[in-house]
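*Asks:* The lines below spell out each chain.
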Amino acid sequence: MPPGEPFIRPDWVVNNLDVIWQRLIEHVEMTLTAVVVGFVISFAAALIIRRRRRATAAVIGVTGILYAIPSLALFAFLIPVTGLSFLTAEIALTSYTLLILIRNVLLGLEAVPPDVVEAAVGMGYTPRQLLWRVELPIAVPLIVAGLRIATVTTVGLVTVTALIGQGGLGYLIVVTGINGFFPTAIWVGSLLSIALAVVADFGLLWTQGRLTPWAQSRRSAA
Amino acid sequence: MTFIGELATWLSTPANWVGSDGMLPRLVEHLAFSGGSLLIAVLVALPIGLAIGHTGRGGRALPTLGLLGIVLTITANWWPPLGFFLIPTIVALVALAIPPIVTNTYAGLREVDPEAIEAGRGMGMRELELLRQVEIPLALPSILTGLRVSAVQVVATATLAAVLGAGGLGRLIIDGIAQQDDPELFMGAVLVGLLAIATELGFAWLQRRAVSPGMRPERASGTEPAA
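Residue numbers (our numbering), protein chains in the order written: chain U, 164 to 385; chain C, 410 to 636.
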């Protein structure tokens, strides 16, 4: 960093609001794409394998191990195939959300008490009704917990995609900031991505409250 | 030439294995960064976790790259050669490693059956004996889970140190991208991936070995992001 350079130059921020805004939007788009695609795939996969005990155990075990692979390594594996592209970034980002989401959807469905399922079956619920009206509502807290972890993780990982030419706010941190010896961009990029992660986390928590009103009334009754 | 061919050529060049930019020195650097940071984190976090657990959650919104960058802006001028890569790397890795260790140590001690502690007291154990002979052994699965999560994250994240120009296996990936050297990039990714998985499995093994046979190791709550 150049000597005497302040951490933040307010004039740069003001003059570059359009650039910063564009990177922020890009960051949100990259995160949303990965989380939405990841959720759809995870949800379908979890419904397919949930009745098979062995498959469930295997998937939970394997996803836990794959989760250990560093993001940069995953990007690097894909570069010879898909190049330095948006697609490379999204494949890697989506894979991470899969690892978190499949696990949590399965755990959520597993957490449904057997008595409840039995009661519903006894009342004549078809398997489809059972799933949508009984099992999924009960699984909502664990599913949303998975979505929160996946979203916050993805917001962080999107910054790493700056190293393969993408990046959203990561572009400000790495290219403009670290490579360009410009602290302001590092601080702006970092603070905005933290803010984004926190906002997304609270947003999902709020959504969970709206989806499970019974949990709230129980809480206030207690 | 196909990628496989390029890879074979790259791998048959000795300099890519043991040269100063080769895989072996990078692996050693990577292990040194990771091991050093984990050690510092354990020294800081374990006593904190044990103290609050005996007498008395966290999310990780901060992206590691942001943390690296922020520390860099602070230390770069403060201590020129090392402040540029070594200090930001170690600070970021230690900061990453501390929360899982503290949280899991604390949670492990909280979950110790109060009756076991009562029994220990009844046998006349002092506070420290209680901690060493009852609480820590019972909390060990959880403590080791914290250590495993931290170790995996540190090994994974040490890759990013290369962004600041430090060594480690990330160097192979970053240089590979910059020079469009697919084999170098690919081998960097393979080594980092294997190292992370080996760390995960190694600590899982340690967990099975170290935990008293009377207790089943609890299933990892280890869903913390890899960087």
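Derived by calculation from the structure, the hints in this document are not laboratory data. What you are looking at is a predicted structure, and each value in this text was computed from that prediction instead of being measured. Misleading hints may appear alongside valid ones.
Listed next, the stretches of chain C that the computed footprint assigns to chain U, with coverage defined by at least 3 CB atoms under 8 Å from CB atoms of chain U [said to hold, decoys possible]:
id	stretch
1	472 to 482
2	563 to 571
3	577 to 584
4	595 to 609
Glycine included, every Cβ here is placed at the ideal spot set by N, Cα and C.
*Asks:* Count the residues of the stretch 563 to 571 of chain C with a beta-carbon closer than 8 Å to any beta-carbon of chain U: does the count reach three?
*Replies:* holds (count 5)
*Asks:* Counting residues of the stretch 472 to 482 of chain C that have a beta-carbon nearer than 8 Å to any beta-carbon of chain U, does the count reach 3?
*Replies:* holds (count 10)
*Asks:* Has the stretch 577 to 584 of chain C got at least three residues whose CB is nearer than 8 Å to a CB belonging to chain U?
*Replies:* Per the Cβ count (3), the hint holds.
*Asks:* Counting residues of the stretch 595 to 609 of chain C whose CB is closer than 8 Å to a CB in chain U, do you get three or more?
*Replies:* Satisfied; 10 residues make the cut.
The structure is consistent with each of the numbered hints, conforming to all of them.
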